Amino acid sequence: MNRGHRHLSHSMAGGYKSTMREYKLVVLGSGGVGKSALTVQFVQGIFVEKYDPTIEDSYRKQVEVDGQQCMLEILDTAGTEQFTAMRDLYMKNGQGFLLVYSITAQSTFNDLQDLREQILRVKDTNDVPMLLVGNKCDLEDERVVGKDQGTNLARQFNCGFLETSAKSKINVNEIFHDLVRLINKKNPERKDKGRKKSNASCILL
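With the UniProt record's numbering, letter number 89 in the sequence shown gets 89, and the count goes up by one each step, no holes.
These are calculated hints, taken from the structure and not from any lab test. This structure is a prediction, so every number in the text was calculated from the model and none was measured. Where a beta carbon is used, it is the ideal one built from N, C-alpha and C, also for glycine. Treat the hints with caution; some may be incorrect.
Each pair of labels, with its calculated beta carbon distance range [stated by the list, open to error]:
| hint | residue 1 | residue 2 | range |
| --- | --- | --- | --- |
| 1 | N110 | T19 | 42 to 52 Å |
| 2 | T125 | E189 | 11 to 21 Å |
| 3 | E64 | E140 | 26 to 36 Å |
Taking lysine-lysine pairs in the DSBU-like style, the calculated list, with each CA pair at most 35 Å apart, reads [unchecked claim]:
| hint | residue 1 | residue 2 |
| --- | --- | --- |
| 4 | K92 | K169 |
| 5 | K185 | K123 |
| 6 | K167 | K147 |
| 7 | K167 | K185 |
| 8 | K92 | K61 |
| 9 | K50 | K169 |
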């Protein structure tokens, strides 16, 4: 189901149809790290504390990044999927990925190495726009993954890193906007295409 679609007005959806660049973003990570909370906070501006971890949802949101109107299609993946074929499919289709872990759960941090390797295998390249996201930074008293660990892993992955809080609205917009910038950097829009502008996709982990 696409709950995010109904929050987009027809005028917003239609007015830029031929000129607005589209991005497919995929949010990845283990169950319970707050992927849905981050996505819903970004798209709808509300904090959802309880969420069914088996639900996979897609959302659309129009945003302005560096003066350019963008239409983001965000896939909030289920953290419990056993279907590797399905995971391969959205990794193949997505252009940008958010790799999300919880700073309160070491296992969710450890899981990201395999996730990243799977993305690179499916994409058959080492140059994939992705961002490492340490969520739940408002729960400092429960922290088990140090910020330096996130910084070091991001350096190993050769990607950016931010800590976020869906609950406290810390760096929520930033992670999605930064991912768009990474995609733009990898796939600059060609001005000579006129109205047929290239589509880009972002995957959030």
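Hints, verified against the model:
Between N110 and T19 the Cβ separation comes to about 43 Å, which falls inside the hinted range of 42 to 52 Å. Separation of T125 from E189 is about 20 Å and conforms to the stated range, judged on CB atoms against 11 to 21 Å. Remark: the range hint 26 to 36 Å for E64 to E140 is upheld by a beta-carbon distance near 32 Å. At most 35 Å may separate the alpha-carbon atoms for a hinted pair to count; K92 and K169 meet this at roughly 30 Å.
Simply put, K185 and K123 have alpha-carbon atoms about 17 Å apart, close enough for the 35 Å limit, and the pair holds. The suggested pairing of K167 with K147 holds, with an alpha-carbon distance near 19 Å, which does not exceed 35 Å. Simply put, K167 and K185 have alpha-carbon atoms about 30 Å apart, close enough for the 35 Å limit, and the pair holds. The hinted pair formed by K92 and K61 meets the criterion: a straight-line CA distance of about 21 Å does not exceed 35 Å.
Distance hint between K50 and K169 is fulfilled; the C-alpha atoms sit about 17 Å from each other, no more than 35 Å.
Every hint from the earlier list agrees with this structure, and none is contradicted.
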